[in-house]
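*Asks:* These are the residues of each chain, in order.
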Amino acid sequence: MFPSTRICGIGSSQAIIITADFYDLFGPTKVSRKGESLKLAHSQFLIHDLPRTLAFEWSVGGYADLDRLPEYQNIATNVRDLLEANAALKYSNLARAQGAVDDEKGTSWGIYSRLYYSHSAFPRVWANYDHGFLLPRNSALWLRSSAGKSLGDFTSPFSSFYFGAFGNNYVDHGTIDRYRDYYSFPGVGIDAIGGRSFGKLMGEYNLPPMRFRRIGTTWGYRQLGAADVVFVRPAHQLHQ
Amino acid sequence: MFSSGLLTNFTSEPSSTGGRAGFVNLGTQLNFRLVLFTYLNATLSGGYAAADHGRSHLDRIHGIAKDPVIFSGSSRLILEQAGVSVLPVLLFLLGLAWIDTYKLLTLRRVLRSVGVGCVVAAACYGINTGVYAAGVVSPAVWSRSGAPVIEEVAKALYVAWLLRTSRVGFMVDTAISGFAVGAGFALVENPDLHTRPFSHCSGGKRHPRPGTAMMHGGTTAIFGTVSVNWSEIRGSRSPLLLLPGS
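Protein chains in written order, with the numbering used here: chain A, 1 to 240; chain B, 1 to 246.
The set of hints was computed from the structure by calculation and includes no laboratory data.
Check before you lean on any hint, since a few could be wrong.
Heads up, simulated EDC-like pairs for lysine to aspartate or glutamate below, C-alpha to C-alpha not over 20 Å straight-line [to be verified]:
1) K34/A - D67/A
2) K30/A - D181/A
3) K39/A - E57/A
4) K105/A - D100/B
5) K90/A - D153/A
6) K149/A - E13/B
So that you can see chain A by itself, here it is in the shape it has in the complex (with noise of 0.2 Å):
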């Protein structure tokens, strides 16, 4: 989620410093945060069979000078430095027809653990679920779940999740589906919504696509491909 810029890296791990993010500029979503950061991550696959993965990541990392929470940015806090911990276990095995844009079935899930550190430790859980039936013409009904829990001290911010918005911008480089995670809410403010425990389920179906072929042109295909196919026959040989 944060902007990041790797600075070095060992096989599947590698050393990230948090940046500023140039896509902050444009909408109401910020991934930017005001201060330092430096974080170690490691992945690995333990299964990978595609489709089928499953996926095994940690991390930890360190802020200094913050003014608002690394995750939400609506949330502020008087805490400036910060240590963090993370463990994830993802697994995925999708699928879809030849052509399509999108994942139409299968299931994926993920578990996920975080420890923030500061004064006291917040630890927290969540976890995700993810179910898809492809009905007729390639459509597609997604059931997806999660449900998550925070421990510590329930004055601190640190110990809440925050739920709201699309979490897209007006011009943006990331994935299109955010609505899909667990943190987004659509209909809501930016982290509009907060609870120390949560759980939330979605029903999402996605209709077929259309596509419009006759949207745009392929001259440069057509005009290479007629200069190869074309016989021009001597004129000498047409008059025998």
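Dock chain B against chain A, hints included.
*Replies:* Just chain B now, kept in the frame of chain A:
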């Protein structure tokens, strides 16, 4: 198109974000993707959603209309109640169709059965309304003793037709078809809970009735499975074997 429900602070611990709260939203997103040379692509995406908290107000997003109420308060309430009532039935129906390993019933046929259930409900509505208007029987007696019989027989007739024409053969297929008819019936019945003509409506009082919806699906499914079972035991396809299930 998507819709989601969010429940926060469902545990009893204190929280700085308030007590237990529930939210629902309904939204849509349209993506227009331009692809160049197979791999280069850009996507123009627009979305809109409305959220509701405790039925008190609707919030806006991204500067689009404030309080975008689509339905009037009463009709929205009815639709919400109908959704609450029918959603478990539809989920159960989907579950039935999903766990059926033979997969002999296509989704189209299941949806057709749901549609037949809707038609049956509309027909029963007309019959009951006619009986009430004629004044032959008191509404209290008819809603208790007459309307349920009409409704159950009407739903069972479709399942009987499926069995007689060999469109379904296995018990699980009959159960799915029967449950689908009942689900379709409940789809039409529940938005009109406050009207008299249906048998299970308590006069004037509107509240979600998922139990009634499940009952509609369950009775027709039981009729179908019992009928198939008797046919298999007796080795006959006599219409009389439909009576025990009734």
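*Asks:* Work down the list of hints and note, for each, if the structure agrees.
*Replies:* Comparing the hints with the structure gives:
1. K34/A - D67/A: holds, 7 Å
2. K30/A - D181/A: Holds, because 16 Å separates the two Cα atoms, which is no more than 20 Å.
3. K39/A - E57/A: Satisfied, since the Cα-Cα distance of roughly 13 Å is no more than 20 Å.
4. K105/A - D100/B: Holds: K105/A and D100/B sit about 18 Å apart, inside 20 Å.
5. K90/A - D153/A: Distance ~28 Å between K90/A and D153/A Cα, so the pair is violated.
6. K149/A - E13/B: Distance of about 11 Å is within 20 Å: holds.
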